Amino acid sequence: MELPGMLIALIVLTIVLAAVFFVRPSITAGAAGKVLAFGALCILPAICLRMGLTTHLERSEQTKFCISCHAMETYGKSLYIDDPSYIPAQHFQNHRVPADMACYSCHADYTIYGPLKDKLRGVQRIYVQYLGTPSKTIQLPGGYHNRQCLRCHLGARSFDANPIHVALMDSLKSDEMSCISSGCHDMVHNGGNLDDLKMWSPGQ
Amino acid sequence: MRIGILGMERILRIASGLIILGLVVELISLAWIHPLAFTLFAFVGICLIGLGILIYLAFLVLVVSLPGETRGSPPTP
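Protein chains in written order, with the numbering used here: chain A, 72 to 275; chain Y, 277 to 353.
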């Protein structure tokens, strides 16, 4: 487990300094004490807060973060299906998306308020998981948008050279027709049926 | 409203206590990568540290607005 060393050191330093003012608040009577108090009780905690938030947001983009939830385990396993027709597995295994950010690369909402909406949705799911009744199947709110695929594929030579893509380009761009429609790239996670499939182990 | 030196010290203690508590929560949340760690930091850590900073800033405003004699050094026996 990697711990952000500098942040940990800063937090410990701030705790020690804040503890000084907790035990001896009278130190603030002097000018030096006032300056130290401002650093220890305002500047340093604010820096720790900012750095902690950045660290947590970066961590929440990692594949291991997403699949650490019990409900997501099968989706994580599906990335190792040994069959190139499975789109997520093919992208993950061939590093078409960064392997350590596989879920985020294809499922993040790349709009202005997308990351905020994603986080709120995530918190809602945590609430349902621990305090409500989670549904058996996980549904993507609003379905899977083509913009997630087109963000990388649009303009790529192999994508643009495909006559089917060219013929359907307008429908794909307007989300009228989904990339994962039946008959196209419809082999996605297949979460419920993994036991019958051959799995790939890295380094094999 | 009258707040003496002892009251000011209490405010400072509350602010530093909240900040320490919030930072401990942040340390715990950084120890593992899980959505619950994120939630713990976002809802508990941030609130405690933020509240601590706000109380400290309120303390500064109070100190400035107090009459000169109460602002000085702590009470001597």
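Incorrect hints may have been included.
[Claimed, not checked] Some chain Y residues judged to face chain A by a derived CB distance under 8 Å, without partners named:
1. 285
2. 291
3. 323
4. 333
5. 337
Source of the hints: derived by calculation from the structure; they are not laboratory data.
A quick note: this is a predicted structure, and the numbers were derived from the prediction, not measured.
Ideal Cβ positions, reconstructed from N, Cα and C, are used throughout, including at glycine.
*asked:* Of all the hints numbered above, which does this structure not satisfy? Sort the numbers upward.
replied: 3, 5
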